[in-house]
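A.B. asks: Letter by letter, the chains look like this.
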Amino acid sequence: MISKNSSLINSFLEDLSGGIETLEQNIGLLENEKEESVLSIFRVFHSLKSGSRILNYLHFSDFLHQAENLLSSLRSGKIMPDRETISLLFQTLDLIKDFKFLVQENYTEEDFLSKSSWVLRIEELKKFFSKLTGQQTFDSSSKTLISLGSHFYRINIEFDKDIFLTGSDPLFYIEELYQKTTVLQSKTSIKNLPLLENLNPEKYYLQWSILIRSSLSKEEILNVFQFLDESKNKILIEELKEDPLENKTSTTGSQNQDFVRINIKKLDEVLNLFGEIVSGFSQINNLLSCNRDEKSVTILENFSNNLAHLQGKMLGIRMVSLSPLFNQFYRFTKETADKLGKKAILRISGEDTEVDKNIADMLREPLQHLLRNALDHGIETPEKRQKLGKNPEGNVFIDAFIRENNIFIMISDDGQGLNKEKIIQKAIEKKLVSDVELKSLTDDEIYQFIFNHGFTTKDAADELSGRGVGMDVVKEQIEKMRGSISLETSQNKGSTFILKLPITLSLLDIFVFRIGREYFGLPSFYVHEITRLKKPELSLIEGILPSIVYKEQAYPLFFLDIFFKSSEYESKDLSKGLLFLLEVEKTKFFLFTDQLTGQQQAVVKQIPQLDQFKNGILGSSFLPDGEILFILDIFVLFKQLKELRIKNN
Amino acid sequence: MKKRFINLQNYEDDISLLENALSLTGNKNQLLAFKISEMFYGIEIKYIREMTALKLDKPPKKIPNTPEEILGAVNIRGEILPVLDIRKKLNLSSKPFSKFDIIMVIEASHELFGIIIDEADDMAALPEEKIEEPESSETQKNPAIQFYCNYKGKLIPILNPHLLFPQTDLSRISECK
Chain A
1050 MISKNSSLIN SFLEDLSGGI ETLEQNIGLL ENEKEESVLS IFRVFHSLKS GSRILNYLHF
1110 SDFLHQAENL LSSLRSGKIM PDRETISLLF QTLDLIKDFK FLVQENYTEE DFLSKSSWVL
1170 RIEELKKFFS KLTGQQTFDS SSKTLISLGS HFYRINIEFD KDIFLTGSDP LFYIEELYQK
1230 TTVLQSKTSI KNLPLLENLN PEKYYLQWSI LIRSSLSKEE ILNVFQFLDE SKNKILIEEL
1290 KEDPLENKTS TTGSQNQDFV RINIKKLDEV LNLFGEIVSG FSQINNLLSC NRDEKSVTIL
1350 ENFSNNLAHL QGKMLGIRMV SLSPLFNQFY RFTKETADKL GKKAILRISG EDTEVDKNIA
1410 DMLREPLQHL LRNALDHGIE TPEKRQKLGK NPEGNVFIDA FIRENNIFIM ISDDGQGLNK
1470 EKIIQKAIEK KLVSDVELKS LTDDEIYQFI FNHGFTTKDA ADELSGRGVG MDVVKEQIEK
1530 MRGSISLETS QNKGSTFILK LPITLSLLDI FVFRIGREYF GLPSFYVHEI TRLKKPELSL
1590 IEGILPSIVY KEQAYPLFFL DIFFKSSEYE SKDLSKGLLF LLEVEKTKFF LFTDQLTGQQ
1650 QAVVKQIPQL DQFKNGILGS SFLPDGEILF ILDIFVLFKQ LKELRIKNN
Chain B
15 MKKRFINLQN YEDDISLLEN ALSLTGNKNQ LLAFKISEMF YGIEIKYIRE MTALKLDKPP
75 KKIPNTPEEI LGAVNIRGEI LPVLDIRKKL NLSSKPFSKF DIIMVIEASH ELFGIIIDEA
135 DDMAALPEEK IEEPESSETQ KNPAIQFYCN YKGKLIPILN PHLLFPQTDL SRISECK
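As you go down the protein sequences, you meet chains A and B in turn.
Under the numbering used here, think of the first position of the first sequence as 1050, with each following residue one higher.
Under the numbering used here, think of the first position of the second sequence as 15, with each following residue one higher.
What the hints contain is simulated information worked out from the structure, not anything from laboratory work.
A virtual CB, placed ideally from N, CA and C, is assigned to each residue, including glycine.
Be a bit skeptical, because a hint or two may be false.
Listed next, the in silico DSBU-like pairs over lysine-lysine satisfying Cα-Cα at most 30 Å (straight line) [claimed, not checked]:
{"no.": "1", "chain 1": "B", "residue 1": "K49", "chain 2": "A", "residue 2": "K1614"}
{"no.": "2", "chain 1": "B", "residue 1": "K69", "chain 2": "A", "residue 2": "K1314"}
{"no.": "3", "chain 1": "B", "residue 1": "K103", "chain 2": "B", "residue 2": "K75"}
Here are some, though not all, of the chain B residues that point toward chain A, as calculated from beta-carbon distances under 10 Å [claimed, not checked]:
{"no.": "4", "residue": "A47"}
{"no.": "5", "residue": "I59"}
{"no.": "6", "residue": "K75"}
{"no.": "7", "residue": "N79"}
{"no.": "8", "residue": "I84"}
{"no.": "9", "residue": "R91"}
{"no.": "10", "residue": "G92"}
{"no.": "11", "residue": "E93"}
{"no.": "12", "residue": "S107"}
{"no.": "13", "residue": "S108"}
{"no.": "14", "residue": "P110"}
{"no.": "15", "residue": "E125"}
{"no.": "16", "residue": "L177"}
{"no.": "17", "residue": "Q181"}
Starting from the given sequences, assemble the full structure and let the hints guide the process.
C.D. replies: The structure is reproduced here in structure tokens:
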């Protein structure tokens, strides 16, 4: 049975995932970029239709055929991409997603048909299709589509050189092909054509290569040639999986590029080995650093340049564009706004920004959350907006850009902004702050309360948001990616949440410092300043905790041996060592080290086995001599610092 | 199917043994017997990802704030793995790290780690009957030992790979049992 052929199934599943992605991108764009989106969606339906037919999912291929008709009507302008149509397409997308899931679960055609809820769902959608397309279900365009057939063949014909002597005419067969099938392309080859002086006018020299599309089977097409002597005429019919011409145009298009799906694990292994080669090379380089002549210097330099390039390329493999992620939010915004009885348009920019695959995956949830909040808490109801003199339709923006090796993603709305009074009220209710403390807080610090666990200003929880599990989770997720979140808000003008993230999780810019004989890495992301103080001014913050006054500000001072008991400083004389001013969650503090030994781009390896110990190690990398280097987890240090503060209080 | 690597320079006997093991890859019911401090132990082959003699000039790099039994981290082809000294867990006297120690990489409960052994001995079929504990057991039951089994006429303890790596979260241990 064909349906058991696993490679076919796998390639179909890949088609499905690719198709789902394209649909997600394009359905939301239908209103704005109709032509192109209609075409993309049509292509997806079409290729999935033939795929499911090949694998014997006939009911589904039939369903997709109707979906295709809907697209034909959209294309010809018979129907418009209004809300109803778009919601129907989204439902179709959902159905395709479920279909993919069930195919993965080895569902056969019979399994599908025996599931009444499934059949009902399909019938329901089909009803809508025919309602929308009206009688157009069988309009001319779809009719030609049926007679066009869904099989593609490439036919190579090498006629007998003496074919004229047998009384046949090659052209007869070609014409018959034209009559019985749709010829997409025909080419003749003059490879066998002799020079003019050797040409025998009674012989036939041409070879044909013809691409056809037909509903006929291979045997039926072979029947066209049944009167030819098989031993003398070579006729080769090859069935093609998909429209070879359509494929060609899509590869030249900017949207659809050729992709190879790679298991991320395999990629990581390659990256690991590559890291080994780099460190091996730098060891060799170190060994050869004395007595080297000019020639070997050049060779080594070239080699090292190439390695650096290669590293860039390799890391680039992991990078993906944000657009598939962002494009999903069109639908999300629409549906969420509808549920909330609000009107809002999502405007996306910077979607071509590339980030590490891991980051793109991890961003989905927090972004979704922020969008939902913007729609629920930010954007006002259409009536209220009108009263305020705003456009009843609100705007939600997602913007992404890269600055100084960080990616910034901003989610903003033109709604009512955060309600400072309400936040204060809740903060007091939840005993997060006392009346006295409140007076010394800046606006910024007040807004930070929304990142507290269980904080919501909504009076009653509803289906969408307001349950108070929210901003704290968002913050946690962002920090997991070694990023930070901040916000700006202004009454009646809206709020903006700003996410700052590293471009990649696997490559980290670090400072390497030394404490005694041990080396540690420190992500430069958090390093605000590195300084040496000749006459450090020590004071005690809150009584006991040591702190240093720097530029007229007192910052807590942290010694690593408080946390890493095995570490021993060479000297604890503050004027001898080097101070790192770190910034975490808008709090700055000093970390004391013996010496700064370097700065490098490190390929970071997580050691998940050790996560449970919360030992303050974020991951590991290698020093140029191949030695393992541990990279500090600033958040763990920061928490330690906070605990010390609480203890001392 | 996971690939098992062999990286035993100059350990001729062990190589032939492991080639044997390679040919048996996929046969889950095998165990490998090995020696730590002259004592025989066994572990089910399916948990062994590879064995390697790294010939390190210095002991594995100590990882701050981790239990003592974690000797440190080593670099195996670009992958950084924690390495355990399980002697203490097995009530054996400790021995300093030597360059000739073999690291057996174990994959259990989705985690990779190495344990240090002296030498690999041989493969054997895993008997169907698992002996809970020898009658003459002098000490109390060691959780790191799953069961005992007959090997070359002796009763040897078979290690429970899930309970070798130190855990802070106790709920996970019961899960693995």
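A.B. asks: Which hint numbers does the structure go against, in order from smallest to largest?
C.D. replies: 1, 4, 5, 12, 13, 14, 16
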